[in-house]
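Start from the sequences and build out the full structure, keeping to the hints where you can.
Here is what each chain is made of, one letter per residue.
Number of protein chains: 2
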Amino acid sequence: MGRVFGRTKGDAFVAHEAQKAIARQSLLLKSLPDQHVETLLSHAIWRQYDRGETIFVQEESAQAVHVVLAGWVKLFRMSPTGAEAVVSVFTRGESFGEAVALRNVPYPVSAEAVSACEIMHIPSPVLISLMKTDPEIGISILASTFTHLHSLVSQLEQLKAQTGAQRVAEFLLNLCDCDEGACEVELPYDKMLIAGRLGMKPESLSRAFSRLKAVGVKINRNHAEISNIPQLRDYADSDPADNWGR
Amino acid sequence: MGRVFGRTKGDAFVAHEAQKAIARQSLLLKSLPDQHVETLLSHAIWRQYDRGETIFVQEESAQAVHVVLAGWVKLFRMSPTGAEAVVSVFTRGESFGEAVALRNVPYPVSAEAVSACEIMHIPSPVLISLMKTDPEIGISILASTFTHLHSLVSQLEQLKAQTGAQRVAEFLLNLCDCDEGACEVELPYDKMLIAGRLGMKPESLSRAFSRLKAVGVKINRNHAEISNIPQLRDYADSDPADNWGR
DNA sequence: GGCGTCGCTTGACTATTGTCATGTTCCCGG
DNA sequence: CCGGGAACATGACAATAGTCAAGCGACGCC
Chain Y
1 MGRVFGRTKG DAFVAHEAQK AIARQSLLLK SLPDQHVETL LSHAIWRQYD RGETIFVQEE
61 SAQAVHVVLA GWVKLFRMSP TGAEAVVSVF TRGESFGEAV ALRNVPYPVS AEAVSACEIM
121 HIPSPVLISL MKTDPEIGIS ILASTFTHLH SLVSQLEQLK AQTGAQRVAE FLLNLCDCDE
181 GACEVELPYD KMLIAGRLGM KPESLSRAFS RLKAVGVKIN RNHAEISNIP QLRDYADSDP
241 ADNWGR
Chain W
1001 MGRVFGRTKG DAFVAHEAQK AIARQSLLLK SLPDQHVETL LSHAIWRQYD RGETIFVQEE
1061 SAQAVHVVLA GWVKLFRMSP TGAEAVVSVF TRGESFGEAV ALRNVPYPVS AEAVSACEIM
1121 HIPSPVLISL MKTDPEIGIS ILASTFTHLH SLVSQLEQLK AQTGAQRVAE FLLNLCDCDE
1181 GACEVELPYD KMLIAGRLGM KPESLSRAFS RLKAVGVKIN RNHAEISNIP QLRDYADSDP
1241 ADNWGR
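Protein chains in written order, with our numbering: chain Y, 1 to 246; chain W, 1001 to 1246.
Keep in mind that the hints were calculated from the coordinates and are not lab data.
What you were told as hints is all true, and nothing was included just to trick you.
Cut-off 20 Å, straight-line C-alpha distance, at most; resulting in silico cross-link-like pairs (DMTMM-like, lysine to aspartate or glutamate):
| hint | chain 1 | residue 1 | chain 2 | residue 2 |
| --- | --- | --- | --- | --- |
| 1 | W | Lys1191 | W | Glu1053 |
| 2 | W | Lys1218 | W | Glu1170 |
| 3 | Y | Lys132 | W | Asp1134 |
| 4 | W | Lys1213 | W | Glu1225 |
| 5 | Y | Lys20 | Y | Glu94 |
| 6 | Y | Lys191 | Y | Glu112 |
| 7 | W | Lys1020 | W | Asp1034 |
| 8 | Y | Lys132 | W | Glu1136 |
| 9 | W | Lys1132 | Y | Glu136 |
| 10 | W | Lys1218 | W | Asp1190 |
| 11 | W | Lys1009 | W | Glu1053 |
| 12 | W | Lys1213 | W | Glu1186 |
| 13 | W | Lys1009 | W | Glu1060 |
| 14 | W | Lys1191 | W | Glu1084 |
| 15 | W | Lys1132 | Y | Asp134 |
| 16 | W | Lys1201 | Y | Asp239 |
| 17 | Y | Lys201 | W | Asp1239 |
| 18 | Y | Lys30 | Y | Glu94 |
Listed next, the stretches of chain Y that the computed footprint assigns to chain W, with coverage defined by at least 3 CB atoms under 8 Å from CB atoms of chain W:
| hint | region |
| --- | --- |
| 19 | 100-112 |
| 20 | 126-137 |
All residues carry an ideal CB built from backbone N, CA and C; glycine is no exception.
Written as structure tokens, this is what we have:
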């Protein structure tokens, strides 16, 4: 199998139109003029990764921006003691590594495929040279970066101000399309990862799910039923200090 | 007093050279060509704020990038229940609001002066027009933004992987100049804010300080003595699960 | 088709943190 | 110099989350 760079980091493939279409719809590219998009697509490196494969590791220096076309990718940090902190989880149409790629600094996190993945890598020199011809590209990159910044801020707020069960409730609510009545959703990746993403242990996640039964949530394998969305939202935003019935 | 825009948001003042010098050394400006720096300085709005004064609030739309010249500023989020989550605390030479200013989107956080402050505001139109002439500006802004991103990632890791006392230990270590032997530092702002910044209640911070006595830390008012920096670092990075002597 | 691994759940126990109440000290304004 | 209030410390208690251990069940591999 053709290993690019001779490293065991993903197998190269040739992009089909369907894959390019996904890339075009990504937050990073969708607001750029077509001409630039085509340039970027034609210089991109396309790879697929198996579940568990490493995409890059902390401290490695950044050479590309990554756009997920299919599958799920987690960004995480290892603390000196070996504890893993999941920083974010990305899927189809999302991109990461923007701010790092342009500065040639080391990644602050590691990235790993948590399911089979297809990823498009845009080499940073391509991006930089294009940016010199059109500052609009810079704005686009800033937009993506800001989205990440925003999501990190939200996570911080949640960790600091909510209990585990409440964070799980918000997680479920984000999965729902509708915003009232009942809803059924599939959990997008396994519970161990969900636990990590929400800053808790798998055991605590299990218990959080049990607790949510009281506010009309039923979990079966990776399938979740929410009987009353507003009720769940109330729970998620309620003050843990108030003695909520229970 | 001359309220700019007729709002009660800071008093305008005319910048002295000393203040401009601080601005020039800020991460945001220091790598830019002199010519651009002068343009930005000459278009900047200079204001001072009293302790407790609001600089901007969440949801307000961003119109400028902010550079702290003196004093301390906190960025925080209010959860629906009224709990406050401190996202970051900035001081002399640091800037915030870069990513938001360029997109004209609402701030995800509120900003408040926690001590008397002097702040330089660079209106975003000035920045944007300059960016169109020189994409290097975009890179500079991305650099600042990346620094914030990185610090948020570190905070997330700490919150997810360390106990309160360990976070306090890291906080103290960041305050030290030296990296071995003993050290004395002043706590830069009051303990309530430190507690917020580290994601805990003031009571927990008090207890964390007591605990740190066991690893050679003495706190007296806002003065801290660390008798052995490597020992403290070991403590901060040790695994809470291991039964560390105690 | 059996079997082992791994993800997941549950229970018992411990540790950490938040909450509430109380008391001290310090700072600021009369 | 004397209150009054805010910041801070401390104790008792409750709630929450982590740890350890055991057990279940699905999936893949031989």
